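Trainee: Read off the chains here:
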Amino acid sequence: MREHVSGQYDAELDELRAMVTEMGGLVERQLSAVCEGLATWNADPAEPVIALDKAVNRLEVRIDDACTHIIAKRQPTASDLRLVMSIVKAITDLERIGDETTRIAKMLETLCALPPLRDPLPELTEMMTRVQSMLADALNAFVRVDEARALDVITRDRSVDRAYQALVERLLGEMEAHPAQLRSYHNVIWCARSFERIGDHAKNVGEYIIYLARGQDVRHQGLGAPSDR
Amino acid sequence: MSRPVGWRSGDGALWLSTGAVALTLLMTLALLGLLAQAGFGHFWPKALATVTFPERQGTPPVLAELREQSAFANAEGELEPRWLLRTGNRDWAAPDFRWVPVQGLGTVHFDPHAVELERRSWGPALGLLAPPGVPQAERQGAAEAALTALEAALRVPPGEREGALTLFAADGQRQALPYRQIVRYWLPNAMGWNAKLGVYFARLGAFLHEPPREANTEGGIFPALFGTVLMVMLMTVIVTPIGVIAAVYLHEYAPQGMLTQTLRVAVNNLAGVPSIVYGVFGLGFFVYGVGHRMDQALFADALPAPTFGTPGLLWASLTLALLTLPVMIVATEEGLSRVPRQLREASLALGATRLETLRKIILPSALPAVLTGVILAVARGAGEVAPLMLVGVVKLAPELPLDGTFPYLHLERQFMHLGFHIYDLAFQSPNVEAARPLVYTSALLLVIMIVLLNLGAVVLRAHLRGRHRDPLG
Amino acid sequence: MRNEPPTLHFEPADRCLTVDRLSVRYQGKAALRDVSLTVPRHRVTAFIGPSGCGKSTLLRSFNRMNDLIRGVEVTGRIQLFEDDILAPELDVTALRRRVGMVFQQPNPFPMSVFDNVAYGLRLQGLREQRALEGEVEWALRSAALWDEVKDRLDASALTLSGGQQQRLVIARAIAVRPEVLLLDEPASALDPISTLKIEELIGKLAEQYSIVVVTHNMQQAARVSHYTAFLYLGELVEFSGTDDLFTRPQARQTEDYITGRYG
Chain A
1 MREHVSGQYD
11 AELDELRAMV
21 TEMGGLVERQ
31 LSAVCEGLAT
41 WNADPAEPVI
51 ALDKAVNRLE
61 VRIDDACTHI
71 IAKRQPTASD
81 LRLVMSIVKA
91 ITDLERIGDE
101 TTRIAKMLET
111 LCALPPLRDP
121 LPELTEMMTR
131 VQSMLADALN
141 AFVRVDEARA
151 LDVITRDRSV
161 DRAYQALVER
171 LLGEMEAHPA
181 QLRSYHNVIW
191 CARSFERIGD
201 HAKNVGEYII
211 YLARGQDVRH
221 QGLGAPSDR
Chain B
1 MSRPVGWRSG
11 DGALWLSTGA
21 VALTLLMTLA
31 LLGLLAQAGF
41 GHFWPKALAT
51 VTFPERQGTP
61 PVLAELREQS
71 AFANAEGELE
81 PRWLLRTGNR
91 DWAAPDFRWV
101 PVQGLGTVHF
111 DPHAVELERR
121 SWGPALGLLA
131 PPGVPQAERQ
141 GAAEAALTAL
151 EAALRVPPGE
161 REGALTLFAA
171 DGQRQALPYR
181 QIVRYWLPNA
191 MGWNAKLGVY
201 FARLGAFLHE
211 PPREANTEGG
221 IFPALFGTVL
231 MVMLMTVIVT
241 PIGVIAAVYL
251 HEYAPQGMLT
261 QTLRVAVNNL
271 AGVPSIVYGV
281 FGLGFFVYGV
291 GHRMDQALFA
301 DALPAPTFGT
311 PGLLWASLTL
321 ALLTLPVMIV
331 ATEEGLSRVP
341 RQLREASLAL
351 GATRLETLRK
361 IILPSALPAV
371 LTGVILAVAR
381 GAGEVAPLML
391 VGVVKLAPEL
401 PLDGTFPYLH
411 LERQFMHLGF
421 HIYDLAFQSP
431 NVEAARPLVY
441 TSALLLVIMI
451 VLLNLGAVVL
461 RAHLRGRHRD
471 PLG
Chain C
1 MRNEPPTLHF
11 EPADRCLTVD
21 RLSVRYQGKA
31 ALRDVSLTVP
41 RHRVTAFIGP
51 SGCGKSTLLR
61 SFNRMNDLIR
71 GVEVTGRIQL
81 FEDDILAPEL
91 DVTALRRRVG
101 MVFQQPNPFP
111 MSVFDNVAYG
121 LRLQGLREQR
131 ALEGEVEWAL
141 RSAALWDEVK
151 DRLDASALTL
161 SGGQQQRLVI
171 ARAIAVRPEV
181 LLLDEPASAL
191 DPISTLKIEE
201 LIGKLAEQYS
211 IVVVTHNMQQ
221 AARVSHYTAF
231 LYLGELVEFS
241 GTDDLFTRPQ
251 ARQTEDYITG
261 RYG
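Sequence lines, in order, name chains A, B and C. If you count the first sequence from 1, position 17 lands on 17 in the numbering used here, and the numbers rise without skipping. If you count the second sequence from 1, position 232 lands on 232 in the numbering used here, and the numbers rise without skipping. If you count the third sequence from 1, position 77 lands on 77 in the numbering used here, and the numbers rise without skipping.
Rather than coming from a laboratory, the hints here were simulated on the basis of the structure. Just so it is clear, the structure is predicted and the values come from calculations on it, not from any experiment. Built from N, CA and C at the ideal position, the CB exists for glycine as well. Any given hint might turn out to be false.
Unchecked claim - Under 7 Å between C-beta atoms, here's a sample of chain C residues computed to sit facing chain A:
1. F246
2. R248
3. P249
4. Q253
5. D256
6. I258
7. T259
8. G260
9. R261
Turn these sequences into a full structure, and let the hints guide you.
Mentor: Quick look at the structure:
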């Protein structure tokens, strides 16, 4: 994309993008930490994740401010307007992802105080992998305004949902079979619920990228064929 | 950073331009001052001195105004001061002006019974109302009696006056001066300030509204004043519409190309043509060309005596109109180009035709500039003399060009002009010393008249401008 | 060969000015090339684009103001409703009464407020004072100026403020009840508050007039217009609904221009 006549404006937009990338990186670190904790049944990553959430929240406020200033001072139009609007929306979703990881981290602390689970949960592992890659791809797609990858992220949310459904089914069975571990399974369901939500948020970010790229709002409707322009 | 010094500081340029303005102002003031001092002073009653010449046996004392002092080279080649004495009485004691070496002067004495008289012919008469060399009481009585008789005589119209005033020269010689010759008198040595002011304004008034006498050295300049004003007005009436129409064509209608530009240059160059050339052209083209044909066509029965085929007011006005046309065109075009394009466009966009736009918007907006043109044209036209000598101005016109007989305005008549009058007084007068103050006075009047004409146009222009002035600028 | 620019099509009843393959050349230099678009009726249409893009030339074609310029060549077709306004035999003064114009600089005539507004009416032969007064009041009210000047109708129009002068000029233009109102940078010489008043007025006038506004202020075009055309180097690049043009322009040049990447 060509540069603006105003270099200052370019700098402001670049800084905005950098902050979003930083926020995305923080959230990604939170997510991978809790995934690792769950996979290894280890509560150590919980504390730094909770601590990181403060930083994520602060970044959200800063990015919000920066967007407000750009709108007030630059009256962005077209792609610039869409960029700012997508960022305003995307950071809400990123912040929510941070909140969900914090919730998982707290759950992880209780969970690790309980005895470990009897059987491995492949669906949970699958969910964690998929959600992590979705978030990573969504953030990548955002940085590159990659419409195809964003579309891919959106479609992949289905499989996360399916894995979540399957996991819930399996956990209900396990709960019946092993009532002694009811507490653990209940907590795992909550974690799975959070991962599913993280998937939804990542999908939202994907939708904003489509809007950013095409100027077309794909929320709550069919995706349609990507523009061949 | 140190302040730049010397020429680069810009102070030099400031001083230079200020100096130029100061010089201009000084020269203008000097001109007006000289004219005012020499011109206005002429009518002031001046003291009459009885001068004796003790060194020259047989030279009688004279009564004279001590006009001015200068130096002359005497027989030995040395510079010696001398006085110019105005003695008047050209008819019986010529010359009326004489230079006297200061060394030869004896006593100077101001006789309260000295009288100066303005006469219908032969210039002023100076004399004493009472014989010199008799007891004071007796003189007083004689003077009073003479004055009473004089006043009584002046109350009667000049034609019906009988008798004569007896004037005594400084040496006691008598001279009878018929009452019918006397216009006014004053006793300069016995008058107070108020009386002198009265005489002053009476003489000034007469100067302004009386015709000249005595080869223009006496009397007034009214015909010249009137002729000048009338000619300038006629010229303005002719040059304004022609100039405006020409400027409108050049600026509004003509295609802006080489030809128009050439025309413009030609018009500008016309402004630089010496005015006498216009006079020659006016004589050849207007008088002998147009005027002659007009005579053949319209006044054939009066031929061979020419009516319009001779210099006259119309031709003078036309010649001056031609002379001032470039000024008028340039000023008007300047004004037209200052009418904002947006105003024209606004008018045209409202569905006005070009003529409507011109009439309702452009010309009213350019009117102040047109008036500037008129001012410049009047200033130029009123001051011109040379071309007028060829096309209508005369030294002495028997009749005014405007009078009560049909058709009231006599365009074919020759007329008098202040500028030419000055030239005539200064160079053609038989009596240089007598004419000199009048030269100054007439010149001053010419300047005042031009200033007044301009002032009128300036006031009119300011009024037109002020009507729709943007208060913010 | 150039692709057809994105444009809009209107029902015949909604077409006010129909421009078909219009090209304008000034002394051989092309100012407009092959422009085709339709200005809809009773809507505000904005022309935007960088200086020299031809937007003013296009606007001035609508009331033949380009005729005043020497060496202008116009080809193509412009229809005002049914009438071909480029026809050589057309009475240009009659056209200009149907197509009013307001210029960039407030240009009231150096006469009274009343005479300014009455100027066009008098040109049309309206002489009767009572009728003139009624029309002048109507026009001043329509231009949202009546309350400010009703006590000084006889004062010189040059005593009004810049914003008032521009509304006076609008009143002068609508006094003759034109069908189309052309606004050439109507607020570029005004302060922000006066600008907002003019914009507000444009919105109101759109109920009765078809308005075309040329502006280099993109935000203004975005605020006041229903449709926006972007011109660049004498060509129409894009013509679409203002909302669309300012959020998702179709053409890259439009995008660059409205986001401030024109350089």
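Trainee: Please check whether C:R261 passes as an interface residue: C-beta within 7 Å of a C-beta belonging to chain A.
Mentor: Result: holds, 4 Å to nearest chain A Cβ.
Trainee: Could you check if C:D256 really has its C-beta closer than 7 Å to a C-beta on chain A?
Mentor: holds, 6 Å
Trainee: Does C:P249 pass the interface hint, meaning its C-beta sits closer than 7 Å to a C-beta of chain A?
Mentor: It holds, given that the least Cβ distance between C:P249 and chain A is near 5 Å, below 7 Å.
Trainee: Hint check: is the beta carbon of C:R248 less than 7 Å from a beta carbon of chain A?
Mentor: OK, holds: C:R248 within 7 Å of chain A, min 3 Å.
Trainee: Mind checking the CB of C:F246 against every CB in chain A and telling me if the closest is under 7 Å?
Mentor: holds, 5 Å
Trainee: Are C:I258 and chain A close enough, Cβ to Cβ, to be under 7 Å, as the hint says?
Mentor: holds, 5 Å
Trainee: Would the stated hint for C:G260 survive a check requiring a Cβ distance to chain A of less than 7 Å?
Mentor: holds, 5 Å
Trainee: Minimum Cβ distance from C:T259 to chain A below 7 Å?
Mentor: holds, 5 Å
Trainee: Taking 7 Å as the limit, does the beta-carbon of C:Q253 come near enough to a beta-carbon in chain A?
Mentor: Since chain A brings no Cβ nearer than about 11 Å to C:Q253, farther than 7 Å, the hint is violated.
Checked against the numbered hints listed earlier, the structure breaks hint 4 alone; every other hint is satisfied.
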